[in-house]
Structure formats: structure tokens, C-alpha cells
Amino acid sequence: MRKILVTGASGYVGGRLVGTLLNSGFEVRVLVRNASKISGYPWARHVEIIEGDAFSIDDLQRALNGIHTAFYLLHSINAAVDFDKAEERMARTFVEVARQQEVKQIVYLGGIQNDVRTSRHLTSRARTGEILASTEVPVLEIRAGIIIGSGSASFEMLRHLTHRLPLMTTPKWVSNKTHPIAIRDVLWYLDKAAKLEEPVNGIFDVGGPDILSYADMMQIFAKVAGLRKRVIIQVPLLTPRLSSLWIGLVTPVPTSLAKPLVESLISETVADETKALKKLLGTPEEGLISVEHAIELALTNTSQNAVATRWSDASLVSTPWQVTQSDPDWAGETEYHDERTRVSTMPADVVWHNIEGIGGSRGWYGADLLWWARGLLDRFVGGVGLRRGRRDQNRLRVGDSLDFWRVEDIQSGHYLRLRAEMKLPGKAWLEFFLEEHQGKLQVRQKATFQPHGLGGHMYWFAVLPFHIFVFPAMLRNIATKNFR
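Under this note's numbering, the first residue of the sequence shown carries the number 3, and numbering increases by one thereafter.
Possibly wrong hints are sitting among the right ones.
Said to hold, decoys possible - Calculated cross-link-like contacts (lysine-lysine; reagent style DSSO-like; alpha-carbon spacing at most 30 Å):
| no. | residue 1 | residue 2 |
| --- | --- | --- |
| 1 | Lys277 | Lys197 |
| 2 | Lys281 | Lys197 |
| 3 | Lys448 | Lys425 |
| 4 | Lys106 | Lys277 |
| 5 | Lys5 | Lys194 |
| 6 | Lys106 | Lys225 |
| 7 | Lys225 | Lys174 |
| 8 | Lys281 | Lys106 |
| 9 | Lys281 | Lys5 |
| 10 | Lys483 | Lys448 |
| 11 | Lys5 | Lys280 |
| 12 | Lys174 | Lys231 |
| 13 | Lys5 | Lys277 |
| 14 | Lys106 | Lys179 |
| 15 | Lys277 | Lys174 |
| 16 | Lys106 | Lys194 |
| 17 | Lys280 | Lys179 |
| 18 | Lys87 | Lys425 |
| 19 | Lys194 | Lys280 |
| 20 | Lys483 | Lys442 |
Everything labelled a hint here was simulated from the structure, so no lab data went into it.
Everything numeric in this text was worked out from a predicted model, so none of it was measured.
Build out the structure end to end from the sequences listed, making use of the hints.
What follows is the structure, given as C-alpha cells:
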């Protein structure tokens, strides 16, 4: 049996690919920075997990040992200011270890690149492919069009722009031709690549059956969603920078991610028929999925809380100190706490449903205007804000993004810990405990903040008065109301 390595398994495509490969009977190994982050995935117990860093030679040696086919789904766009340099270094390390471990095939998923000169992101993606192909290890580079599927960044951008703007002024790039493809078809091709009888070395393009403009896609979405036809007025003054700022304000996709998405649309991105992947791997028996059908499937999965992975599954790094370990005890690191407890007469399962259902469309159970203002402020300074919402409206798993928080730990029926991913001068957590105490059901809520420098201390005392309105209301509603 072939042993397959999937890197980026906690990401949007990787998280779905693992399940697809397991269904095909492969033995799968995943490389992740934090094993707890994928513990809630349905496939987590059926794969070998290597916890490590893709920049570490030792970790890569453990991950690539005995591997036949390695899927390279890594990028650093959200993890570094100089993401292109980081991606080059990561690719060089990966391919050198793959050569040493005698990996038979590398499969790399990139994007269609008719013209990379206008996009730093696409240039870096192309450069990554070149580096991976620089040794004797065969590399199958698959360049895909815009991926349409529930939870993808491209779909969320399309959905929110179309929903919220019945009349919009747009840059001229909305008329450029694109070649979108459904996530189901991307997974089908990746699965077929794992089954190749002989290694393949080369670059291949893949897109769906429709070639159309971004404006056409918005009109198709409006039709599928039952909305009126959108009025689109093109103006020449909206630069990629202005466009990404606007998208960051209107949609859940932060400006840092919107910018490379916009840049990838400035030039036409249509699959080259001379290097079409279907010539190598064929097409699904039922045919490739149209854009309209892909949007229908994505909307259905979203409405049914059946979104397997989301673009936000990959952690966003706001500031260096938010991802470093705490200082040792002798350093005297300060921690601020806001802890409150309330007895509930509600059934335990109802109270836990309230806790696990927090955020997203349900909100934060009180002081909604203050939460909205904090989210808006976060987006103005380049953070993710509140619009990321939730993958599932009722259930959480470790690693899920939840507005501008991320689920760091969850013990069903008892405990939930959220780590802040908004822009902060320090690190912050919000915890909920559901406990039996002297025969009574007790709900405990605890906010923790570890300040970074003088600015962190000033921040805590600046927001302290708002806690009087936010935290008591949140705890009271969790303990006393039924939000089912």
C-alpha cells in the first residue's frame, strides 16, 4: 500500500483531501504544527500524525520517511511579512529532504498563471514550483483556477460581495476571464494524482467547464441565491490595494488575504489547453461541475452546517508575541483576569448548547453594539474582525475559527477555551466552564490577558470599563436563556 503524506492538512484543501485519500484506501500521514488543531476532524484517528515544522529538517525527515507521494499544500502568506522568502526557504528544505528520503512523487497545488508579473503572490507560487522541481524528484504541479466550494476564501468573497451589494462600483478586472473549478473536482484530480502508475514531472492546468468573468460569477450567484440581478458599474480608479481594503471591510475575508486574491484576478487566468490536466488524468465520469452547480452545492452545505473545512482553518498570525510561548516564571509575566460565576437552573445540555453555539450569526449574547464596534476596529487595523463567523452554527471542534477567536480546546459538555486572533498588544483567551458544585449547575466565565509591553498594560485598563457591559450580560444570557 502506498503511503501518502499530506502537508497543510489543517487547511481548506488539505483537510478535505485527507478524507478523500482514506476513502481510496491509502495509508495517510499528515504533517501539522499542532496535532490538537486537527483532533476534531473526522479522519484524525485514521491517519499517522507527525507534529512538526515544515522549516525543520529533522521534522521533515520524520514526515517523509517511507513516503511514496507527498502533497505539498503549504504556503506562508498569512504567517510572514516576507512570505515569498519564507516560501522559498520552505520549498528548498522540503524538496531536499524529499530527495534524501527517496520520495517517488511530489504533487504541488498552485494557481493558473497566464501572467504573474502583476502579483507578488502568484510570482511566489510559481517560484515555489520551480524550486520543488529543481531536483530529480518528479513534481506534478497542478495549477487550478478559482476554487468554488463551501468555506473557500474565493466563495466567501463572492458570496458576501453579491449578497451585500445590489449596486456596486467595481474595478475593471471584474471583466477579466477566469476559469473556476469546483472543490469536488479539485479533490478528484488530486486523488487521481495519488494513483498514478508512474511518476509524472510537469506543469498542468485545470479548470471547470465554464470560462467567464468575475462579474458573470456574481450574477450567477445572485440567480442561484434568489437575488435580483446585480447592477455593476466599472470604474478605472480602484487599484488592487483599494479593492482589497474594500473587500476586507465588506466580506469576512481579511485584507491580507483579499489582496492576493484580487491580484490573481487582475490578469486573465484561463487554463492552457496545451497543458490541460484532463489530458493526463481524464475527467470524472459525471463530468466536471459547472459554476452554477458548484455554487448550489456550496450554498446547500453552508445552510445545512455541512462545511467540512474553511479558509479560516489556517491560523492567522497577527503579531510575533501572540504566537510565542509565555515568559518563564522568573520573568514575572503579568496576567490580567476577569472571572465571573453564575448558578443556572437550566438543564445542563441547554446551557452547554448556548456555550458551544456562541458567536457567528447568534452573536455574543449581549452588548452586540460593543462587539460590533470591536470587530470593526479590528478590521480597520488589518485584523480579521467578526465576519469570519463559524463553520458550523451548533458544533465546534479544536482549530475552528470563531469570529476573531479560535477554538483552542473543547471538552464537550464541560469546557471551551478560545484564543484571540484580533490585533492585540498581547495574548488573550476566553474560557467557559460548566460544573456541578454542591448540587447546583455553575457556569464560570474567565477572560485572561497577557500584555506585551507598556501598550499591553494600557490596553487592558482602557477596555476594562467595557467589561462591565459585555461579560455580565454574556454570562447571564448563557445561564438563563434557551437559544435552541
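A quick look at each hint next to the structure:
1. Lys277 / Lys197: holds (20 Å)
2. Lys281 / Lys197: Judged against 30 Å, a Cα distance of about 15 Å means the pair holds.
3. Lys448 / Lys425: holds (20 Å)
4. Lys106 / Lys277: holds (22 Å)
5. Lys5 / Lys194: Distance of about 15 Å is within 30 Å: holds.
6. Lys106 / Lys225: violated (46 Å)
7. Lys225 / Lys174: Cα-Cα ~22 Å, so holds.
8. Lys281 / Lys106: Holds, at roughly 22 Å.
9. Lys281 / Lys5: holds (26 Å)
10. Lys483 / Lys448: Given pair Lys483, Lys448 holds - Cα atoms ~20 Å apart, limit 30 Å.
11. Lys5 / Lys280: Roughly 25 Å separates the two Cα atoms, so the pair holds.
12. Lys174 / Lys231: holds (19 Å)
13. Lys5 / Lys277: holds (28 Å)
14. Lys106 / Lys179: Violated, at roughly 36 Å.
15. Lys277 / Lys174: holds (28 Å)
16. Lys106 / Lys194: Measuring from Cα to Cα gives roughly 15 Å; hence the hint holds.
17. Lys280 / Lys179: Given that 30 Å is the threshold and the Cα spacing comes to 20 Å, the pair holds.
18. Lys87 / Lys425: holds (24 Å)
19. Lys194 / Lys280: OK: Lys194 and Lys280 at ~11 Å, within 30 Å.
20. Lys483 / Lys442: Since the Cα atoms of Lys483 and Lys442 sit roughly 17 Å apart, the hinted pair holds (cutoff 30 Å).
Checked against the numbered hints listed earlier, the structure breaks hints 6 and 14; every other hint is satisfied.
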